[in-house]
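If you want the building blocks of each chain, they are given just below.
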Amino acid sequence: MFKQGDILKLADNNEYVVVDQFQMSGVNYVYLVDINDNSNILYGKLEGDEVVELPDGSELDQVIKIVSENLHKA
Amino acid sequence: MEQDYAKVLVEQKKIGRRLKIQSIENQMSEEKSKKKTNAILTGILAAGVIASAKLSGLDIKQALETEVQALTSLKALGSYFAMFTPVTYVTSAYAALCAVNYFKHNKKYNKLSNELYEAELEDRLMKEAEKDFESDDSTQIDVTKDSYYDNITFDSEDELSKGMSR
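Going line by line, the protein sequences match chains C and B. Just so we're aligned: the first sequence equals residues 2 to 75 in the numbering used here. Just so we're aligned: the second sequence equals residues 107 to 272 in the numbering used here.
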């Protein structure tokens, strides 16, 4: 749906770059970094036209692992 | 105070942000493009750190905070990565590359760097001035009011009147 480098302006008025995105079990997950504040990092999933941040839990752990593997492929 | 802040962070994490997408942009100015590249590099670096923290069983919030702090200096970044043995996803060379790029375009860093440079320069100039002052006794001037006027001499009354009219 998105590609790395797309910039999303979200409802908090911040601009996030899509660093990674993938689909798992029919759900689109995104890994976003605020371009003006790189410490503002967001692991989320798409629900309609909203990005929903993943709460702590096994889903977040799994997404963190997949994102890392995607980004650090040899 | 710090504990309150930590509580807020924990609460925020429990709820999770729900943010509507207002716009999608993939063509941008050069400045924004640089910011974007920088954010991607930081994101790639952070993703490895976050995953490493998860696999090592470290607190992810603490790891992220440390990560942000670590990005303020290469030395701190190096010692931070030394915490992960073995570093599963990020090699130190790759981390250094990301950090260099991060520093290159980060305004905050530039500001801090300039301030640090200015402080160092001021400190150095002060030390040099003190050294010069100590090494050359003839330049020492007693600046107390009485001694200043005592040191002023005039060879003639004419010069004295000129001096007074100045």
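Simulated from the structure, these hints should not be mistaken for laboratory data. Note that the Cβ used here is the ideal one computed from N, Cα and C, for glycine as well. Heads up, a few of these hints could be off.
Said to hold, decoys possible - Here are the simulated EDC-like cross-link-like pairs (lysine to aspartate or glutamate), alpha carbons at most 20 Å apart as the crow flies:
| id | chain 1 | residue 1 | chain 2 | residue 2 |
| --- | --- | --- | --- | --- |
| 1 | C | K10 | B | E131 |
| 2 | B | K126 | C | E48 |
| 3 | B | K138 | C | D38 |
| 4 | B | K140 | C | D7 |
| 5 | C | K10 | B | E137 |
| 6 | B | K138 | C | D7 |
| 7 | C | K4 | B | E136 |
| 8 | B | K138 | C | D13 |
| 9 | B | K126 | C | D35 |
| 10 | C | K10 | B | E136 |
| 11 | B | K138 | C | E54 |
| 12 | B | K126 | C | D13 |
| 13 | C | K10 | C | E51 |
| 14 | B | K126 | C | D38 |
| 15 | B | K126 | C | D62 |
| 16 | B | K126 | C | E51 |
| 17 | B | K140 | C | D38 |
| 18 | B | K126 | C | E54 |
| 19 | C | K4 | B | E236 |
| 20 | C | K46 | B | E131 |
| 21 | B | K140 | C | D35 |
| 22 | B | K126 | C | D50 |
| 23 | C | K46 | C | D13 |
To be verified - To spell it out: a stretch of chain C is covered by chain B in this simulated footprint if at least three of its residues, at any positions, have a beta carbon under 8 Å from a beta carbon of chain B; those stretches are:
| id | stretch |
| --- | --- |
| 24 | 2-16 |
| 25 | 56-69 |
Q. Is the Cα-Cα distance between K126/B and D50/C 20 Å or less?
A. Holds. K126/B to D50/C sits at ~6 Å (cutoff 20 Å).
Q: Starting from K126/B, check that the Cα of D35/C is at most 20 Å away, please.
A: 15 Å, holds
(Q) For K4/C and E236/B, compute the direct alpha-carbon distance and say whether it is at most 20 Å. (A) 60 Å, violated
Q. Would you say the stretch 2-16 of chain C counts as covered by chain B, given the rule of at least 3 residues with C-beta under 8 Å?
A. As far as the stretch 2-16 of chain C goes, the hint holds, because 12 residues have Cβ atoms under 8 Å from chain B.
Q. Quick one, are K126/B and E51/C close enough, alpha carbons at most 20 Å?
A. With Cα atoms ~4 Å apart, K126/B and E51/C stay inside 20 Å; holds.
Q) When you check the alpha-carbon spacing of K10/C and E51/C, does it fall within 20 Å? A) Distance ~11 Å between K10/C and E51/C Cα, so the pair holds.
Q: Would you mind confirming whether the straight-line C-alpha gap from K140/B to D35/C stays at or under 20 Å?
A: Holds, at about 13 Å.
Q. Can the restraint linking K126/B and D62/C be considered satisfied, given a maximum Cα separation of 20 Å?
A. Not satisfied, since the Cα-Cα distance of roughly 24 Å exceeds 20 Å.
**Q.** Satisfaction of hint between E131/B and K10/C, Cα-Cα up to 20 Å
**A.** Holds - the C-alpha atoms of E131/B and K10/C are around 8 Å apart, at most 20 Å.
Q | Hint consistency between K126/B and E48/C [alpha-carbon to alpha-carbon, up to 20 Å] | A | Holds, because 9 Å separates the two Cα atoms, which is no more than 20 Å.
(Q) Check the hint pairing K10/C with E136/B against an upper bound of 20 Å on the C-alpha distance. (A) Roughly 18 Å between the alpha carbons, so the hint for K10/C and E136/B holds.
Q. Holds or violated: are the alpha carbons of K126/B and D38/C at most 20 Å from each other?
A. Given that 20 Å is the threshold and the Cα spacing comes to 19 Å, the pair holds.
When the structure is compared with the earlier hints, violations turn up for hints 11, 15 and 19 and for no others.
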